[in-house]
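J.: Sequence:
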Amino acid sequence: MTENRNTIIAILLSGIVLIAWQVFYNMPQMEKQRAAQQAQMQAANPANSSAPSATTNTPEAGSGAPSAGSPAPQQQQNEPVKDRADVIASSARVKIDTPAIIGSISLKGARIDDVALVKYRETVDPKSPAVVLFSPSGTKEPYYAEFGYVPAAGSTVKLPTLDTVWTQQGSNALTPATPVVLKYNNGEGLTFTRTISIDDKYLFGIKDEVANVGTAPTTVYPFGLVSRHGVPETAGYYILHEGPIGVLGDKGLQEYTYKKMDEAKSVEYKVTNAWLGITDKYWAATLLPDPAASLTARYSSNLVGGVHTYQTDYLLDPVTVPIGGNTTTSTHLFVGAKEVGQINAYDTQLHLNRFELLIDWGWFYFITKPMFWAIDTLNHLVGNFGVAILLVTVLVKAIFFPLANKSYASMAKMKAIQPQIAAMKEKYPDDKVKQQQEMMELYKKEKINPIAGCLPIVIQIPVFFSLYKVLFVTIEMRHAPFFGWIHDLSAPDPTHIFNLFGMLPFDPSQVPLIGHYLAIGAWPIIMGITMWFQMKLNPAPPDPAQKIIFDWMPVIFTFMLASFPAGLVIYWAWNNTLSVLQQSVIMKKNGAKIELFDNVKSAFAGSKKTS
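Taking the working numbering, I'd label the letters of the sequence shown as residues 76 to 686.
In short, the hints are calculated from the structure, not lab data. Because the structure is a prediction, the values reported are computed rather than measured. Glycine residues also receive a C-beta, built at the ideal position from the N, C-alpha and C atoms. Where hints are given, some of them may not hold.
Taking lysine-lysine and the PhoX-like style, the derived pairs with C-alpha atoms no more than 25 Å apart in a straight line are [claimed, not checked]: (1) Lys502 with Lys488; (2) Lys282 with Lys170; (3) Lys509 with Lys522.
Label-pair ranges, simulated between beta-carbon atoms [claimed, not checked]: (4) Gly280 with Ile589: 51 to 57 Å; (5) Asp337 with Met515: 56 to 62 Å; (6) Ala205 with Val660: 29 to 35 Å; (7) Pro580 with Ala205: 27 to 33 Å; (8) Thr253 with Asp337: 39 to 45 Å; (9) Val288 with Val199: 53 to 59 Å.
Assemble the whole structure, with the sequences as input and the hints as a guide.
T.: In structure tokens, the structure reads:
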């Protein structure tokens, strides 16, 4: 039974790692190649604008509910792609200047279409360019937010559109201390005033007022949208959502990938207490209407000139501006980094519907979120996320010490009764059933649980995957350094054994076909060595097939985990080391011989003999 158990454990572990490597590495690499090819095709035929049309598919007059297509993207003819800086410089704009965001608002259309995140850089080099999130129409990757009004069906009232040039009043720049006021008079008795404010992080406030000095009341439908042109480059991992997202009232979390959105074309929901937008791995742009507002939320994908335009928008219920009166609507826009603390703060501040779900914690959030909290808290104490991961590993070991203690104690007892088991096999050489019955009686007598050795491994698996999720999805881990050559715990170890860790002038990962398998860094090797020592702590299995599996397992793990985040590999190596120490202490306490050095010595002796 012990032999069968060890074989099953080995096969299960190998299978789990093989599947994880396939899902988290091989498939995403294929997806990235597909996305790159698609991006090259799009570059030759880009789109320019998906601004809403104020007169297309408007609601029926007096219906009180919008139609399926409002607001809708306006399909325009393709124009040559221009440099982003040139496009921005070619139009009148209001500067955005905050500690977290720089950019501008276009006076034409009052569109928020120029946002860069100054706290985050494209690479680990602090001098690299800031991460650009929003870009205006006419650039390579248009991405923006817009707010406005849709008229009632049959109405001829003149409303501001994407071609309207607003007049700036008051402050010359949008800062946390100075809101910006924009005005537009339609010449027919309606004056539109938009006040845009911003905090010191990523939250815009938009307050729209319509004053009516005309001769008739006017009914309008306020809307907000976030639009993105082209299929963006995504991480392509199945454990991470990228694309349209929102929590839509009682409909709950609604997520669509770009591919799924292309198939669906358009989906809409009549809800209250909703927010929606578009998310990337680390960044997002989301519309945050008043939670009490009744609205129609929509996700859509439109093909314009051969390029997909993705849009999330909402349309509020109609408001009527009486003669001599005015109406006011307010909303918010989040444009920025998905920092855990800030997302939670906005969730509480604005009374949003689970805005925390903007961060993809996954199905096992009840493990992943506490794991992040522990690592983040320790990081604030020690000032290094890598050290925090090591400390969390110790804490996990301490929490599960009683269970592991029983497991290793049972393993020690198993080793102690090996001579008796060997005697049983000699006594009943041809009767496997009798052997099993006698062994079970012996286990019962000695109070041994034959599957106890599986428990440390079973415990380690959910911790492993929760830590992987934390390293992969939380922006706090992005570009977080450890020591030495590890400058980003969320990225694989950048060193390569096959170029002698940089001594040879080539990158082995670029070798065709097998390059992915050659990207073996220093920390994966350390992890493999610690795993090998852990395997050698126990005597070699008597079955040759089992021995081969156990001998090759550290090598398999080394290659498989090489492409995983460095923080995860460091955790695994540290966990292996702690396990060796813990098991050695427990085995010694239970009177079992620690055969680590004897097994290591015999392994090298066997290698020399074979040579």
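J.: CB of Val288 to CB of Val199, is that within 53 to 59 Å?
T.: 57 Å, holds
J.: Could you see if the CB distance from Asp337 to Met515 stays within 56 to 62 Å?
T.: 59 Å, holds
J.: Against the 25 Å threshold, does the CA-CA distance of Lys282 and Lys170 hold or violate the hint?
T.: Given that 25 Å is the threshold and the Cα spacing comes to 18 Å, the pair holds.
J.: Per the hint of 39 to 45 Å, is the separation of the Cβ atoms of Thr253 and Asp337 within bounds?
T.: With Cβ atoms ~42 Å apart, the hint holds.
J.: Holds or violated: 29 to 35 Å for the Cβ distance of Ala205 and Val660?
T.: 51 Å, violated
J.: How does the Cβ-Cβ distance of Gly280 and Ile589 compare with 51 to 57 Å: does it lie in that range?
T.: Since Gly280 and Ile589 have Cβ atoms about 54 Å apart, the given range 51 to 57 Å holds.
J.: Is Lys502 close enough to Lys488, meaning Cα to Cα at most 25 Å?
T.: OK: Lys502 and Lys488 at ~21 Å, within 25 Å.
J.: Taken at face value, is the distance from the CA of Lys522 to the CA of Lys509 at most 25 Å?
T.: Between Lys509 and Lys522 the Cα gap is close to 20 Å, so the pair holds against 25 Å.
J.: Has the hinted range 27 to 33 Å been met by the Cβ atoms of Pro580 and Ala205?
T.: Holds - the Cβ-Cβ distance for Pro580 and Ala205, about 31 Å, lies within 27 to 33 Å.
The earlier numbered hint that this structure contradicts is number 6, and it is the only one.
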